[in-house]
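Asker: These are the residues of each chain, in order.
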Amino acid sequence: MNVQTLFEGENIKKLLPQRNPILMVDTLYSADDVEGVAGLTVQDDNFFCEDGIFTEPGLIEHIAQSASAFVGYKALQSGADTPVGYIGEVKKFRLMKLPEAGNRLVTRIHIMSEVMNITLFSAETTADGQVVATCQMKLSV
Amino acid sequence: MLLGSYFKIENTEVEGSEHRFDIALNRDHKIYGGHFPGNPVCPGVCSVQMIRECAERAAGCRLRIDSLQSCRFMAVLTPDNASRLTIVVTLADVQDDRVRLTAEIRNGADVCVALKGEFGKH
Amino acid sequence: MEKEELIKQINEVLAEEFEVEVETITPEANIKETLQLDSLSLVDMVALIESTFSVKIKGQEVAAVKTFGSLYDFIYERLGK
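Residue numbers (this note's numbering), protein chains in the order written: chain A, 416 to 556; chain B, 68 to 189; chain C, 2 to 82.
The set of hints was computed from the structure by calculation and includes no laboratory data. Ideal Cβ positions, reconstructed from N, Cα and C, are used throughout, including at glycine. A couple of the hints might just be wrong.
Here are some, though not all, of the chain A residues that point toward chain C, as calculated from beta-carbon distances under 10 angstroms [stated by the list, open to error]:
(1) E504
(2) N532
(3) L535
So that you can see chain A by itself, here it is in the shape it has in the complex (with noise of 0.2 angstroms):
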């Protein structure tokens, strides 16, 4: 099991400005031009879980600092500071199951657009292998 990572642990906080109990990504494992991979290990005492289930909002917070890492990763790479991203809209969001408190959760970002500063990108989340999520959502920054 080796998978190559680019931002993990306490280096995940340089990426992002969210702090505990709300901090939803553990891993930044990649980012090209269009397409991050970002994941989080959930533990029993997350502030989103509710009887060992990770409930929708923990889900949709880690789905947003997911591209908040990968933009914020892009950001760091061409010099600038790491913006604070917004959630703008959440849309299309479907859930097929919840995941459960010790899943590793693995979510693939994919930019459609980017206006002014308003960015769009699709989301796919996976828990252990299997999707439990998927929405587009706007990060405004």
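Could you slot chains B and C onto chain A? The hints should help.
Answerer: Same frame as chain A, but now just chains B and C:
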């Protein structure tokens, strides 16, 4: 999850399928320690969760967010600029196993969050 | 693609996505007002045009396009290249 800690409901009114909740935010909630350190901003997903918890009251059962056609965030809320808000949940179509609904979070006359989705009962 | 056909196709996809009557889309009409676009939904229009016509549009280019007439010209020119 958030009712009683992140926010409290101060008044409820029902008019047909429209349920209005006047709420107050707790600016000392621990989430602001991380969002963001020294600069408290209401996380958008906490607004979604508040809508869900109010919708559960309106529907009288636990709800799971199965799909969101759209949830738009038009203004950034902070516990200081928005200590009191109104959440309006309109149950558009109630079935045995799910409800379709729209919801808004208003800060005075301004609509700050607008949501349209389908929630499963469980 | 003939320009007439392009215009028809643009009007149809925009009318459907933004739920307006196709007759309200005229060359002189203002895009943002007609489609009721705000800064959040402008990116939806760009993404829709990019995917429909397989073109890539930059943010700054969109800012200069105010009416449907200039949008038709912009896309027509882009497809011609």
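Asker: Output the indices of the hints that this structure fails to meet, ascending.
Answerer: none
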